[in-house]
Amino acid sequence: MQHVSPIREPLVTGGKTYHDITEDVCRQVEAKPNVRWAAALAVALVGLAIFIYSTYRTLWYGIGEWGLNKTVGWAWDITNFVWWVGIGHAGTLISAILLLFRQKWRTSINRAAEAMTIFAVICAAMFPVLHMGRPWLAYWVLPLPNTFGSLWVNFNSPLLWDVFAISTYFSVSLVFWYIGLIPDFATIRDRATGPIARRAYSFLSFGWTGSAKAWSRYETVSLILAGLATPLVLSVHTIVSMDFATSVIPGWHTTIFPPYFVAGAIFSGFAMVLTLMIITRKVFKLEDYITLEHVESMNKVIILTGSIVGVAYITEFFIAWYSGVEYEQYAFINRATGPYWWAYWAMMTCNVITPQLFWFRSIRRSLTATFIITIFVNIGMWFERFVIIVTSLHRDFLPSSWAMFSPTIIDIGIYVGTIGLFFTLFLLFAKFFPVINMAEVKAILKSSSEVKHHPHGTMHGTDKDSHTNTHP
Amino acid sequence: MQDRIKYWKGIEELENTPEFAKHAHNEFPEFLPINEARGEGESTGLTAPRRDFLKLLGFGLAAATLASCEAPVRKAIPYLNKPVDVEPGVANWYASTYFNNGDFNSILVKTREGRPIKVEPNPSSTLTPMGTSPKAQASVLSLYDNNRLRTPLIKGKEAKWEQVDSEIRSALARVNGKVALVSSTVISPSTKQLINEFGAGLGNFEHVTYDPNSASALIGANGGVIPGYDFSKANIIVSISADFLGTWVAPIPFAKQYIQNRKITAENSNMSRHYQFETIMSLTGANADVRVPIKPSEELAIATAIYNGLSGQGVNAPANVDKKALENAIKDLRANNGRALVVSGSNDPAVQTLVTAINKTIGAEGATIDTASPYLVKQGNDAQMLRLIDEMNNGSVGAVFFYNANPVYDHPLADRVKTGLAKVALKVSFADRVEETAALADYVAPDNHYLESWNDYEPKRGFLSLAQPVISPIFMTRQAQDSLLAWSGSKTTFYDYIRNNWRKGAAGTDAQWEKAVHDGVLENGTSMLALSPATASTLTAADAAGRAPRAVAGGSIEAVVYEKVGIGTGAESNNPWLQEMADPITKATWDNYITMPRKMAEEMGVSQGNVLKVTYANGKTLELPALIQPGQAQGTVGIAMGYGRELDSMPTAKGRGANAFPIATVADNGILFTGAVQLEKTGSTVEIAQTQTHHTIMDRIVVQENTLANYKSNPKEVTQYVRIATHEGPAKPAAISLWDDYEYKNHHWGMVIDLNSCIGCGACTVSCQAENNIPVVGKEEVLMRREMHWMRIDRYYSAVEHEAKDYKTMEDPAENPSVIFQPMMCQHCNHAPCETVCPVAATMHSSEGLNQMAYNRCVGTRYCANNCPYKVRRFNWFAYSNNDKFDFNMNNDLGKMVLNPDVTVRSRGVMEKCSFCVQRIQLGKLEAKRESRRPVDGEIVSACAQSCPTDAIIFGDMLDPESRISKTLAREKGERAFHVLEELNVQPNVTYLTKIRNLA
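Same order as they appear, the protein sequences are chains B and C. Heads up: the first sequence is residues 1 to 472, going by the UniProt record's numbering. Heads up: the second sequence is residues 1 to 1000, going by the UniProt record's numbering.
Everything labelled a hint here was simulated from the structure, so no lab data went into it. Ideal Cβ placement from N, Cα and C applies to all residues, glycine included. Incorrect hints may appear among the rest.
[Stated by the list, open to error] Not the full set, but computed from the structure, chain C residues with beta-carbon under 8 Å of chain B: (1) Thr696; (2) Arg785; (3) Cys838; (4) Thr861; (5) Trp877.
Bound conformation, chain B alone (with noise of 0.2 Å):
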């Protein structure tokens, strides 16, 4: 039992019952869609046929399709794989970290932010293999007993290592997330009308029967996986950095990599939920759920990370100059002033600049300067990618193969068509699962809000039921 502070805000207003939020959940599954929704889905459909136009062109005629080159071995591809991967992180410190750390503000959001893991992730996971020169044999880079004379992968690949931290990453994740649906989908269940909203549901409930027994279980098990997914939070991204940390290239081969690329990660997938959860919130109309408490929250996260973010890029610049390495201090002052300044100060404008505006509260509550700057943060970590790899690659060693790197359709194609599938699984989620983890909301109803309510009777009255509410 934890301590609430009288003063502290509610985490839900609106003087919800249980019934209130069964109901205002519900409502967006068990309803028709709304025309919103299905010209969202449209337009992510047509995200989605660009991603599989692009991708088709990409498997049946080679990587040339896109516009790398000799030099420039990496460019959108892995800029995107990163991003994506790094989007993920937020919704496992949500569910994970912040679910340790006993946070009650993160119920309301973590299952939408666990989603957009999922769904990140999946996007994240088309790269590596759609940049493989042979797709059809990335399972070659598994460590898979075989019949070609005992091949073994080679454990000193930092790409082999992310083969593992993905699929970890992934697995865990995906667990977690359903897990954590079950009590929902049951919910669902026991109201659905339809015999196919009933059947699917049930199947998707696992039998679920809301005993006690089946509840403790529940709890055990989400902090179990919450152990298991917290040092994910910290590996996958750190292990994503090694791909460029352990290499020769000036630009990439530096040691502040992992901690500054967790920061990164957190940071971006901070700002992509707060993009998400305003549109949401707007569209469901979850307004009570997802308060301007729960902005103020992480914008006060952003800010955190986008200035050790801050703090490492300019790292950077320092160890540069004080390395006295050539090759190095002109990687980095190519960056700032050469062909791609315009990616460097994108990054800088957007990842350092910017966040520094939520040091004033009334930007930090307001929803419009809040969803515009987490726009630019999604933007400027994505020119973080950018410049890491294609202004380190494009001018490294031997002026001789310096080179420029410009995208082609395709890579356009298959970074929107990323993005297209990524809404396409989300609003396909926001529809016909529970955007908010009923159950956990519940649980913290009372606590949070009598606290400050009950005094004036204005948040259980009407409610006889909610004394019977047993919360951890």
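The hints should help you fit chain C onto chain B, whose structure is shown.
Relative to the frame of chain B, chain C by itself:
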């Protein structure tokens, strides 16, 4: 219930026969033949017949399925009678000769299963023992050109040889007027004799020789021959616009001579000093110690200044020309009497007269010029060709034959050639395809490729070389000489003709002949080539020196029409290897362009790729993009010849660039390869596909050079070695390592590249392409920076004056930069960064120090390429073979014949790179093993090292203390030997030797 109606299974049950009773308890009452099928009698009973049935069913299903899978049919037809020389899998080598427009190479041709696949230098030759030109390397691909004519043509229609022969014979019989045979230089003694005999039978006959890039003035000023230059004996070399290392006269023999006294060691540190006065930045100029940009109209003034300077008069240099350098050159020439040489590429008789006089003054004749043995590789006579064009136009020519000549394309007066041809009754071309002249000919009698032909050559008096066919003619072509024999009514073949001709002197006995054919060369001083009598020049040096410089119309720009190292005069421009070969200087592929100095471009507001309209003498125009060329003389532009082909018979060259020949000026019965032009911006832009777009070295220690003065004072201080700061003081990078070193027990292959010897010609890049089945990717892909060359030559210009760390400024090359070349390929690092990052271990280290690629294992993550500090890995972005998007030699069955069967053709999506020619290493080791010995040093040579005309690349076993590479490394250690990017501690197996410049 008891009285239930009984239903019988059949009449047998009702009758209850014994047979029925016997089987009544069985599941299948009838007899099943399964046991019989198993060869067992009925008596053995039912031992699981159902299982057998299922087995049979399964087998049947599997058999039916297998039968429906059709295995690909590959037709391998064995020899009925195996040819004596052909062993499958074993290469045969034949001596032959490549000659094209002055580019002479005695070669060995490698054939596999009857197919010629590679050209290598013939070490028996004293002229070209070390290497070949890029064109010679690429010539083997021209053999498999799908666009060569397959039959003779009569008025553009396919025909039979018999018909062609009879029609031409009858046409010759009633020919009205003069018969002319137009050819480029013929250095074949037998061919020349045959042409003369052919003409003698016709009476009114003239053999007209012209060269597209003519040396007419040089020949005129030297009594009908090109002086027997010997650069190896010259301490001082002064060249006025002669690109003798790239394109002028006989570049490969010259390169070999030139480099002989530029190879230096601490013990023998004498090297020549080379002054170059030239307009465009040529390959030769790039190698010069002192290079002075001049306008073409100033060539005469420079020659005059040297001529006058040598006779003690004051040096009167044209304005804007570096007078100090000119004075130094004159001073050096005077101080090195008998050890100096002056050459000029100008086709102005006045300049050449002066140069001849200068060479007399400095005692070159008999010293640096072998008067007894002149070069014969250019004999073209501009005046003769101009006269023929007039004669054709006035209708006095009755028949004309074109042999290795295409004046409708490559003569400045091509339009007049065309109008003249219309008035000639009989026009016959020996072209191998319907090129510009052949398209206007009545008969095309396609000549064999040189690899299908017998021929003899005399490039230099007393140096004979032979060519023998290494493959039967692929198409219904016939050697031009055989055609001439047929038309003159002779029954002999050209082989017999040569044989008879040689019997008269060079090789009297069959044994001598066999040896000459085997060796490919005969250099016992016998001379066979008869030259046409020369018209002696009446110009004296004093007259020439007194001439006023050629006037250039005010406001116009002097354009130079120059020859590129790869494309040359365009005779082989349909060769994709040559088109994709990076020009040694501009690093551009696939196109020609207008080279212009940066200052001029800035003044005109032109940036690279802007298309300019060039208006030349007769008001005609062409449009080409501009290329900013450091070192180009102010007020001049350069445009390469050999481009602008429009015919379908050369699809690879079609539409590439524009034809610059018409810009050349016809004056004084000669051709000047320069012209006054006007330039205008068109507003459009065409990208030029360069393989290198950054031209300065950015103050990095990746390629090293120093001066001869410093080298002489202390050879240990000419190379910078990077040291890493440790707590124990500065340490060699290799001394600080986290890794265990590989242990090499048997061999440790390595390479040494002498930057002082490398002239940057690019022969190694083409050789590598031929040896290793490297695909051609086309202009669009080169623009995407995706050329596949495993070996490239990095070319760096010195930067403009700049402060340290002023990165923006140091990106700009100097107006007249010094140039350095650095061949770059996989460095075969002992601590290779590519090896650790591959997730599937597709690239790994061999026990002999090679960094290997297992193409089959590669999944194509490109991580290795990203992590390569030298950026030498190449990725198969597309399928480059059997792909219509890349319609080059690997997309047709004929073109694929050039592929080396010892090297895998890589599939789409895999990484590739230099293998140190591992197939050659394996072959060498196997041959040594078969003879129970160690491989001998020099037996295993990589393709690049073998083809290098200046022997700049040494390949060998670094574990063999007696090998050349070990000795070189031991000698140069701490002096000139360095590793590129040593501070990364990747420990390459390729070592470079610092370039030394003999600055004045």
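query: Hint by hint, which ones does the structure fall short of?
result: none
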